[in-house]
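Visitor: Below are the chains, spelled out letter by letter.
Protein chains: 4
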Amino acid sequence: MSAPLRGIVAYPITPFTEAGRVDERLLAKLVDDMLAAGVHALAPLGSTGVLPYLSDDEREAVAETVVKRVGGRVPTLVGVSSLTTERTVHHARHAEKLGASAVMIIPMSYWKLTDAEIVAHFDAVARAIAIPIALYNNPATGGLDLGPDTIARLLQIPNVTMVKESTGDVNRMHRLVQLCGEDVAFYNGSNPLALAALVAGARGWCTAAPHVIPRLNIELYDAVTRGDLAGARRLFYRQLPFLQFIVAHGLPRAISAALELMGTRVGPLRAPLQPLARERVEELRTILVDLQVIPGP
Amino acid sequence: MSAPLRGIVAYPITPFTEAGRVDERLLAKLVDDMLAAGVHALAPLGSTGVLPYLSDDEREAVAETVVKRVGGRVPTLVGVSSLTTERTVHHARHAEKLGASAVMIIPMSYWKLTDAEIVAHFDAVARAIAIPIALYNNPATGGLDLGPDTIARLLQIPNVTMVKESTGDVNRMHRLVQLCGEDVAFYNGSNPLALAALVAGARGWCTAAPHVIPRLNIELYDAVTRGDLAGARRLFYRQLPFLQFIVAHGLPRAISAALELMGTRVGPLRAPLQPLARERVEELRTILVDLQVIPGP
Amino acid sequence: MSAPLRGIVAYPITPFTEAGRVDERLLAKLVDDMLAAGVHALAPLGSTGVLPYLSDDEREAVAETVVKRVGGRVPTLVGVSSLTTERTVHHARHAEKLGASAVMIIPMSYWKLTDAEIVAHFDAVARAIAIPIALYNNPATGGLDLGPDTIARLLQIPNVTMVKESTGDVNRMHRLVQLCGEDVAFYNGSNPLALAALVAGARGWCTAAPHVIPRLNIELYDAVTRGDLAGARRLFYRQLPFLQFIVAHGLPRAISAALELMGTRVGPLRAPLQPLARERVEELRTILVDLQVIPGP
Amino acid sequence: MSAPLRGIVAYPITPFTEAGRVDERLLAKLVDDMLAAGVHALAPLGSTGVLPYLSDDEREAVAETVVKRVGGRVPTLVGVSSLTTERTVHHARHAEKLGASAVMIIPMSYWKLTDAEIVAHFDAVARAIAIPIALYNNPATGGLDLGPDTIARLLQIPNVTMVKESTGDVNRMHRLVQLCGEDVAFYNGSNPLALAALVAGARGWCTAAPHVIPRLNIELYDAVTRGDLAGARRLFYRQLPFLQFIVAHGLPRAISAALELMGTRVGPLRAPLQPLARERVEELRTILVDLQVIPGP
Chain A
9 MSAPLRGIVA YPITPFTEAG RVDERLLAKL VDDMLAAGVH ALAPLGSTGV
59 LPYLSDDERE AVAETVVKRV GGRVPTLVGV SSLTTERTVH HARHAEKLGA
109 SAVMIIPMSY WKLTDAEIVA HFDAVARAIA IPIALYNNPA TGGLDLGPDT
159 IARLLQIPNV TMVKESTGDV NRMHRLVQLC GEDVAFYNGS NPLALAALVA
209 GARGWCTAAP HVIPRLNIEL YDAVTRGDLA GARRLFYRQL PFLQFIVAHG
259 LPRAISAALE LMGTRVGPLR APLQPLARER VEELRTILVD LQVIPGP
Chain B
9 MSAPLRGIVA YPITPFTEAG RVDERLLAKL VDDMLAAGVH ALAPLGSTGV
59 LPYLSDDERE AVAETVVKRV GGRVPTLVGV SSLTTERTVH HARHAEKLGA
109 SAVMIIPMSY WKLTDAEIVA HFDAVARAIA IPIALYNNPA TGGLDLGPDT
159 IARLLQIPNV TMVKESTGDV NRMHRLVQLC GEDVAFYNGS NPLALAALVA
209 GARGWCTAAP HVIPRLNIEL YDAVTRGDLA GARRLFYRQL PFLQFIVAHG
259 LPRAISAALE LMGTRVGPLR APLQPLARER VEELRTILVD LQVIPGP
Chain C
9 MSAPLRGIVA YPITPFTEAG RVDERLLAKL VDDMLAAGVH ALAPLGSTGV
59 LPYLSDDERE AVAETVVKRV GGRVPTLVGV SSLTTERTVH HARHAEKLGA
109 SAVMIIPMSY WKLTDAEIVA HFDAVARAIA IPIALYNNPA TGGLDLGPDT
159 IARLLQIPNV TMVKESTGDV NRMHRLVQLC GEDVAFYNGS NPLALAALVA
209 GARGWCTAAP HVIPRLNIEL YDAVTRGDLA GARRLFYRQL PFLQFIVAHG
259 LPRAISAALE LMGTRVGPLR APLQPLARER VEELRTILVD LQVIPGP
Chain D
9 MSAPLRGIVA YPITPFTEAG RVDERLLAKL VDDMLAAGVH ALAPLGSTGV
59 LPYLSDDERE AVAETVVKRV GGRVPTLVGV SSLTTERTVH HARHAEKLGA
109 SAVMIIPMSY WKLTDAEIVA HFDAVARAIA IPIALYNNPA TGGLDLGPDT
159 IARLLQIPNV TMVKESTGDV NRMHRLVQLC GEDVAFYNGS NPLALAALVA
209 GARGWCTAAP HVIPRLNIEL YDAVTRGDLA GARRLFYRQL PFLQFIVAHG
259 LPRAISAALE LMGTRVGPLR APLQPLARER VEELRTILVD LQVIPGP
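Residue numbers (the working numbering), protein chains in the order written: chain A, 9 to 305; chain B, 9 to 305; chain C, 9 to 305; chain D, 9 to 305.
Possibly wrong hints are sitting among the right ones.
One copy or two, it doesn't matter: identical chains are merged, so the pair holds either way.
[Stated by the list, open to error] The calculated SDA-like cross-link candidates involving lysine to any residue, where the alpha carbons are at most 20 Å apart (straight line), are:
| hint | residue 1 | residue 2 |
| --- | --- | --- |
| 1 | Lys120 | Leu152 |
| 2 | Lys37 | Asp123 |
| 3 | Lys37 | Arg223 |
| 4 | Lys120 | Ala148 |
| 5 | Lys76 | Leu34 |
| 6 | Lys120 | Thr175 |
| 7 | Lys105 | Asp157 |
| 8 | Lys120 | Asp153 |
| 9 | Lys37 | Val289 |
| 10 | Lys120 | Leu62 |
| 11 | Lys120 | Glu287 |
| 12 | Lys105 | Arg135 |
| 13 | Lys37 | Tyr245 |
| 14 | Lys120 | Pro147 |
Simulated from the structure, these hints should not be mistaken for laboratory data.
Whole structure, please, built from the sequences with the hints as guidance.
Guide: What follows is the structure in structure tokens.
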């Protein structure tokens, strides 16, 4: 990436056909929609994109679809995480070859990894590719919690240049700034922390919300950027119920349900994931009506 | 209180003579110092003031000293918490008689209290006095964690009108605003959360830091109030190491050590509390030198 | 104590008159009942005895009532914990003067204590009295969690000779045995862990259950002592629902309700503690009927 | 399985050649060793066998090697867990075809699964095969914690007939017995809980320790079975340091290191997993010398 990444980093879901195959055509359309709305970057194969539930072939198809469709209009961050180092390197090389701007890696765990193992894992990927690596910390999904000290150490690996922090604790971000300097490129991955994180100095906000409320997401980022605190607070509380909802019920379930309510059929989730329960869909409908995303009854 | 309380609510320590008795004369001087620096309210008998370690007589002496010394120049919030309802009512009545602007109550626990017990506890105090009650939530000291729903319920008791939230999780504050409306009078009690909380809409910041850095505390509050985000962020990161230090090592220990480094002998802590360990004092000295609170070597 | 303490250590509640004063006459009768049933020791002023909710005078009256009533028939362990070291020493001396066999101390916290502070606290009490001290670890009430290493260190203080472990984690007990040798005098304070703890080598079981099911408690202890594993397991599962219930709902609330169901009026709890909710009382009734403690409908 | 499974269920590691391929020949030998020592069942492709780090082909090769080598001498439980339902069904069918006695499934998570999703996941596998399913609960690795109520519900699915509980909390086992009756077939998966679990009624102990101390494992099981409490306690504390060590440092790392110390080269771990750190190996050596597994210096 020539310029540092800033702003709203949009995470597309991975849509499926009724037969359960990746729906590449619809994925391309969803990417178009988010780009048209003005998001600042695209990040396929995140948690939202159900990365760990896809086969290697599917992962490559999703990466290719998104990177090609974006076509360099904005940066692309491709998720390449895998339990083994060998598969992570494989996908990272594939993403680089496709022309991705950067790769994003969450150190996944079954057995808890030692710090030495985590460092060696990132080192191996860093030696295999020339594009930047964004480190993604999310104990709730990956099962490993990297403290600020470990993250600071990983940021010393030459092309590990960005951090997505998803613990939802703004104090972690404060510590990162203290340990790495105020120029540290950290991004917020916990939706309800968007305001606090941007105020604390986050360069961007990694979120699946632009599938549904891209303008509100971008306006919040813009308000903080221009120092409009009152505006930022108002925009934040306006979209907060939606952000809380999608986090509480799982991004793939919640975003898929929202897209269906908005009229786009995105297909079944991959089992064991199931669609949002009916009563939850009604709660979501109320939130979307209130946000004027869909018409009221 | 006629006007709603806003700004920096300063928490004095309780100084002791060498013989271990409350040093009322020095307490009055410490209050004068904080008032002279411009704090917006005084809150004796908080956690910083080692409330639970004092006898009933000592508590009354501290309350009287501070309320009289403030003399109405700013609001006073007097801590009146006790394990039993009867003692809490007793101290609340005493504070009211002294002319305190409001009382602050943390529901202390040995046995975890049920919601019904907590409500009845506050109800009993509310019926006994006519001045406002600030509810204080701090599971790390009080041993009970009141969720936003419970807090919202307690705020329906007529003169329970304020909340001090000290969990250090800004999401709790968001929930309070959502449950009670944006006019809910909540205050931040977790020092390292000062910026995030004020941005989220906190009316004030309850802190012992004005013993040491009152101007930085007030300037941070002022910067957020006038919407100066860049200034607020700079002021916040400037004072953050001090805020983290005093939280990490216990407010009475850390503030007492800071005052001693600044030249004021505040006496022994009450056992089992002991003075800050020697190597910690040196860390603190470095922080204070960096903040230009004390001269460097 | 001449002989090492072993077996069922019974914790009496503190009964109150309708006017809310300690009911010393009833307390003496409750002690008689437990002694008649065969318990191996009596421990007034525990958590069950609502120690922290009593005034100094009330504490002394309870200690005196129980120690005198027991009259040396079995050992007495008197709870003397207080937030301050000075008050703890005061109550420990009083207990010794009364003729208590030992004192029990939970390091209570408002401010989390450092290890050095905890050691100094126990040291101060140990220097002040000549009778043994039992260390009580229960983070759920006291707010401090002493790890096995800290406990092992405290057991090096000359007359700190016993440990009551109430975390409910049998692994803590394994560690104690490993650190201090198999002769370490540890006692179980988590009712549902009674079987696992005795099997792991606990010398006794500290429990309020003998107010209600003393024979079952004693028989379980005896079964483990004589190596009757099948019998112990049967006895354990038989009484487990009662043990789980009293822990889940708070010992003072649950034991008081059980005694009332059994026909003994024990008076109001001290506010903010309230009587067990009505629907819980019905659950408890079912358990007691099943245990044949009270007749069925 | 004709007879209900009882006793020591041994978990083999998956050894690798120096080139990083599964070493089927050595795996067969390790199985032989454990069978010769008298273990009661074999469970390939558990956490110890680094199941999630293997490709589908490797998983099938491991299952085939072990099931064939055991040749019906004892029951085999084959791990078939996968993030997706489709892959889990695939591996379950393969195991059944091979002649496995049962399959073992841990509900793995990236996105936390709802109870409905977990039930549907097990339902799908149960409909696909005719052999019994053992449910495996281990939040520390799988990332999902199934409470006793959820487990009881899953045990109502026709051929989900066994539970391996690895939370290390004996209270979970008590609850299972209460919810499902004393005939519930539960197995302990937390090594340091072996004694408490067997005493609580566990039918067996799932462990990788028989690679190193099979006789001690079997003798502990036998002692509890014949009601020899004193013997069981002695045997338990004897092997506890080893059990604690292998849990603290990760079973594949620790067991591989132990086998190497015993003279069997088991090859590299699969990255990102790395061999036990050198200083840890020395700790382990001391433990093995003390257990007379290897000769002292």
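Visitor: Taking the numbered hints from earlier one at a time, note which ones the structure violates and give those numbers from smallest to largest.
Guide: Numbers 2, 7, 9 and 13 - these are the hints that the structure violates, sorted from lowest upward.
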